[in-house]
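Novice: With the hints as your guide, set chains X and C onto chain Y.
Chains as they are written, first to last, in my numbering: chain Y, 1 to 250; chain X, 1001 to 1389; chain C, 2001 to 2427.
Honestly, the hints are just simulated from the structure, not real lab data.
Mixed in with the good hints, there may be bad ones.
[Stated by the list, open to error] In silico DSS-like links for lysine-lysine, alpha-carbon gap of 25 Å or less: (1) X:Lys1119 <-> Y:Lys77; (2) C:Lys2393 <-> C:Lys2416; (3) Y:Lys77 <-> X:Lys1320; (4) X:Lys1097 <-> C:Lys2267; (5) Y:Lys219 <-> X:Lys1140; (6) X:Lys1341 <-> Y:Lys188; (7) X:Lys1362 <-> Y:Lys144; (8) X:Lys1320 <-> X:Lys1019; (9) C:Lys2278 <-> C:Lys2267; (10) X:Lys1202 <-> Y:Lys150; (11) X:Lys1328 <-> X:Lys1314; (12) X:Lys1202 <-> Y:Lys169; (13) C:Lys2080 <-> C:Lys2004; (14) X:Lys1362 <-> Y:Lys80; (15) X:Lys1323 <-> Y:Lys77; (16) Y:Lys150 <-> Y:Lys219; (17) X:Lys1097 <-> C:Lys2107; (18) X:Lys1119 <-> C:Lys2243; (19) X:Lys1097 <-> Y:Lys77; (20) C:Lys2053 <-> C:Lys2090; (21) X:Lys1119 <-> C:Lys2257; (22) X:Lys1097 <-> C:Lys2110; (23) Y:Lys80 <-> X:Lys1343; (24) Y:Lys204 <-> X:Lys1019; (25) Y:Lys80 <-> X:Lys1328; (26) Y:Lys77 <-> X:Lys1140; (27) C:Lys2173 <-> X:Lys1075; (28) C:Lys2257 <-> X:Lys1202; (29) C:Lys2257 <-> X:Lys1075; (30) C:Lys2408 <-> C:Lys2337; (31) Y:Lys144 <-> C:Lys2243; (32) C:Lys2416 <-> X:Lys1097; (33) Y:Lys77 <-> X:Lys1075; (34) X:Lys1097 <-> C:Lys2021; (35) X:Lys1097 <-> C:Lys2090; (36) Y:Lys80 <-> Y:Lys144; (37) Y:Lys31 <-> X:Lys1341; (38) Y:Lys77 <-> X:Lys1362; (39) X:Lys1097 <-> C:Lys2004.
From a predicted model like this one, the values you see are computed outputs, not experimental measurements.
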Amino acid sequence: MGLLDETVSVPRRTMTLFFLIDTSGSMEGNKIGAVNDAVVNVLPMLNDISETNPDAEIKVAALEFSNGVNWLYDEPKLAKDFIWQDVVASGLTSLGAACSELASKLSRSGGFMQSASGSFAPAIILLSDGGPTDDYNSGLAKLKANNWFKSAIKIAIAIGDDADKDVLKEFTGSSEAVITVHNIDALKQIIRVVAVTSSQIGSKSSTAGEITKQEQVVKDIQDATQNIDGAETSDSTSTIDSSQYIDDWG
Amino acid sequence: MIESYSFSCQGESHKADNKPCQDASFHAVYENGLAIAVVCDGHGGERYFRSDVGSRMATEVILDTVRTFVENIDKNLFISKPFTAQEAITSEEVVKKQTPIDVAFRQLFSSIIYQWNQKIAEHAANTTISEWEQQHVDPKYINELSTSETFEKIYGCTLMAYAQTSDYWFAFHLGDGKCISFQEDPLWMEPIPWDDRCFLNKTTSICDSGAINEFRYCYQGDGHFPMAVFLGSDGIDDSFGEIENLVNFYIQVIKMLVNDGREETVKSIEKELPQLSAIGSKDDMSVAFIYNLNALQTHIVEFIQYQIKLVTDKVQTTDKRIKQLTQKLDYLEDAGTDNEKDKIEAAYARQDIERANEERNKLLFKHEALMQQLSLSLSKELHKNGEAK
Amino acid sequence: MELKKGARVNLTFGNQATVIKELGRGGQGIVYLVDLDGQRMALKWYITPPDEKFYKNLERNIRQGAPSDAFIWPEYLTQKENGSFGYIMKLRPSDYFEFGNYLLARKNFKSFNAMLAAAMKICNGFMMLHRFGYSYQDLNDGNFFIRPTDGDVLICDNDNVMPQGEKSGIMGKARYMAPEIVAGGIPDKYSDRFSLSVILFMLFFANHPFEGAKVVACPCMTETFEKRFYGSEAIFIYSPSDKSNLPVRGVHQNVIKRWPLFPSTLKKTFIDQFSEEKLWHPNTRMIEQEWERIISKVRDELVVCPHCHEETFVDIEDNKFKCINCGDDIDVTKQLKLNNRSLILTAGTKLYINHDNTPDAEVDFFPSDKNLLVIRNLTQSCWHIDTPSGKVKVVNPNEFLPILNGLKISFGSSIKEAAGTKGEVIA
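Isolated chain Y (complex conformation) (with noise of 0.2 Å):
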């Protein structure tokens, strides 16, 4: 009888990639044909990542949101299982309910979440055209005390010059982790460019060193970032006159 027998369990660390996807009406037409794409394209990567990586498996999780929000599946799926159906664009822009659903899901009871030992942080990544239409700040707090979302990989995709790049700055914690792209072909690249570099970086075993992987994967996306044409990385950036009433005082 060995220590590690049939009877101990040894399971393999898992990384989970979360899409937050806008369905709102304004997302018709060639923007969401483009996502669904680019998902599509991009998870046979996610399971080569996946493969051929020692360190943890990769899942995938999707949520859309308009009106209400939907999973795509009712649990994280392997890469490699996932199957992607287009999602369809109509309504409003529910960011703070999915803000709610993603926290109540980033947790181990009743969520997607497994022990923290033997996971790795997850990866978040949230594509908007729009701004929020319900009260997203309620949703945002929620999401902002959850430990798992604390130590996640955030990055936004704002899609076009609608997109309400304050509130994508609030939800990745910082304006370099917000790309905006401007045309359908820098999205579809954008969304394989941060889905791949989020995944690698995300599902390695870390060092706790000096650089947080969440710098690392907005460094290389910022790269990365400077070849694709129409994409772009956000960049951050008044009196009466009291001159009579000081001649008075003088």
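Specialist: Same frame as chain Y, now just chains X and C:
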């Protein structure tokens, strides 16, 4: 009889660039009845390039200070005190006054930090940069050695210790890794409170500026002692995921100690921990434990029964899942729609049922093996009782 | 003997108090919530009754009344019954926290302003106590309750307060005792003054002035060690002449972080008060009024940074004017001169003209011009201003004057205990 053991090995991921094992562990049982086990885990990451030295020094300091503490403290402070656990100090949380034991522990922990500071300062001053360091470490981190304000980081590590005397026992912990104690009821527990600041790859550390407030501890002086206490670095618990799996592993160690003896167990641990690192966390592995062999022998049947219950529970959970999936599949097939989503869901359900059945078979196999062990242990016990009569 | 819920205790003046529940217990006794004629009060009940002298002393203290509103003073005495006795005092409001919580950083002052207010209030309390002829005897971190928002202080456990020269028989904690008391002497106002310096140091730096490397070198504190570290071999952690007891990284982090932030005035005073000279010559220790003056001086150096809008200290003595938060230079050219004091005028800074904890003025922006600073009158009375060209202006309560060079302010009767104070604006 109280016995002790400890072992550390290099993690799978450290082999590639020949990084040393950054864990350190220690164990001893002294004539005055003091038994002590220590595990320290040096941080990975380039910046912490001398954490192997830091963790080794932390074990030395803990041994020294705990011995002095036990020799000088008035044991009446502990006598008759029930099991008591104290969490790390975080702000904005008003608590009751510190008891004399709390004050005594704070003094011990302060002294551990101070003496560790002294040792690493001496090491930093007297050790030239090695060839390995020159090749593998960014000069900006090497330069930190001479900037007195942050050089401690270079040696940063976690620490965990268990000590027992003939009158009382205590344990303390700063950082991640897990401490599991085994006693009659409950059969196992984590006696030292967890610190939520340790989450995923983040951990508190002796090199933190507020290290003194990051110690958590527990003690007991009412005559009850654990049958065994295991300290493991995070390389071990990260390999097992859910804590039940970790506990199950330690029960394997306990069973082996009882059935095959210490020598065989030690051989097995030293052979299999590196393997565990390779299939599990890839991290350095350390384990240290103190055990009372007589108590373990007396209770061995309960350990096997616990494992059986664990497997039985898992079988039930799997059965439930299979039932739910089957219902879902039936529903989807009955509906017979052309809906793409339904088809995908049905395919998933079939696949999941198949996987669950595989899992179920494995569990049944485990169950069978454990039942055999149980009957063997029971017959041994009967035999022994017969002899005694 | 302990009291049960519903038990009635007879007070010396005839009334009865009814026990509602236990609030807490310490070494000497139990504190109960009681009802006294429909009012909620606290009863401290001794588990084993101290001697007759103690009882008489309590009786006398109650008759004399509290030295100031900082004290939760014994108000009524119980008769000797149920094998013991106790006394009634006011309840402590729930937004005050024991000093120990601040030392472990479980509670933090909302601002330096609140911290300085607490220091001022403690000094004033002890000044009044000594003026009444008492000595405190058992000063320690358990006696003080502080409100984090404004630094208001309540001093409790006043049953050990004795007239000067008498000994209560209750031994204090060695950490707070003057070296001569650790060595066996009788507490008096000089040893109280030492304890006051210790308490103030701990208030500002959340660390004991003698607890550095030497104290944490030993893993187990014994009585012998204690007598050495707090008595015969006490060394101030920042002693300029002896570096053997410096604070330790990872342990004494509060003081390591805070010591560099405070102005030299304060640091020099502590270095002086904890010097060997003052440790061993009790009658050379600083009196409370002098401490008040020092704290006031430190408060004059507390300003709001015009760049990051956080509180910061400027160091007038050392000519250091960088913000402790953002590191930017603070403009100190605008000042209010008051006798030998110079109050720095930056937007948001509160001005304290006397030693109480109520700000008398505040620097603000002119409502419609962010380039013009004004001083707002926060007192209850009007000020008179002489302008350089000879005009006289009146600034009523809550009105303001611009910060312009040469304006002379007569504060009139607006400043309590400092009537007739005059100041001049330099800009």
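Novice: So, for every hint listed, does it hold in this structure?
Specialist: These are the hints, each one checked on the structure:
no., hint, in the structure
1, X:Lys1119 <-> Y:Lys77, "violated (50 Å)"
2, C:Lys2393 <-> C:Lys2416, "holds (22 Å)"
3, Y:Lys77 <-> X:Lys1320, "holds (20 Å)"
4, X:Lys1097 <-> C:Lys2267, "violated (30 Å)"
5, Y:Lys219 <-> X:Lys1140, "holds (19 Å)"
6, X:Lys1341 <-> Y:Lys188, "holds (24 Å)"
7, X:Lys1362 <-> Y:Lys144, "violated (40 Å)"
8, X:Lys1320 <-> X:Lys1019, "violated (46 Å)"
9, C:Lys2278 <-> C:Lys2267, "holds (15 Å)"
10, X:Lys1202 <-> Y:Lys150, "holds (11 Å)"
11, X:Lys1328 <-> X:Lys1314, "holds (21 Å)"
12, X:Lys1202 <-> Y:Lys169, "holds (24 Å)"
13, C:Lys2080 <-> C:Lys2004, "holds (17 Å)"
14, X:Lys1362 <-> Y:Lys80, "holds (24 Å)"
15, X:Lys1323 <-> Y:Lys77, "holds (20 Å)"
16, Y:Lys150 <-> Y:Lys219, "holds (19 Å)"
17, X:Lys1097 <-> C:Lys2107, "holds (14 Å)"
18, X:Lys1119 <-> C:Lys2243, "holds (18 Å)"
19, X:Lys1097 <-> Y:Lys77, "violated (50 Å)"
20, C:Lys2053 <-> C:Lys2090, "holds (24 Å)"
21, X:Lys1119 <-> C:Lys2257, "holds (23 Å)"
22, X:Lys1097 <-> C:Lys2110, "holds (22 Å)"
23, Y:Lys80 <-> X:Lys1343, "holds (17 Å)"
24, Y:Lys204 <-> X:Lys1019, "holds (17 Å)"
25, Y:Lys80 <-> X:Lys1328, "holds (22 Å)"
26, Y:Lys77 <-> X:Lys1140, "violated (42 Å)"
27, C:Lys2173 <-> X:Lys1075, "holds (21 Å)"
28, C:Lys2257 <-> X:Lys1202, "holds (24 Å)"
29, C:Lys2257 <-> X:Lys1075, "violated (36 Å)"
30, C:Lys2408 <-> C:Lys2337, "holds (9 Å)"
31, Y:Lys144 <-> C:Lys2243, "violated (45 Å)"
32, C:Lys2416 <-> X:Lys1097, "violated (39 Å)"
33, Y:Lys77 <-> X:Lys1075, "violated (56 Å)"
34, X:Lys1097 <-> C:Lys2021, "holds (20 Å)"
35, X:Lys1097 <-> C:Lys2090, "holds (22 Å)"
36, Y:Lys80 <-> Y:Lys144, "violated (30 Å)"
37, Y:Lys31 <-> X:Lys1341, "holds (22 Å)"
38, Y:Lys77 <-> X:Lys1362, "holds (22 Å)"
39, X:Lys1097 <-> C:Lys2004, "holds (24 Å)"
The structure does not agree with the numbered hints 1, 4, 7, 8, 19, 26, 29, 31, 32, 33, 36 stated previously, though it agrees with the rest.
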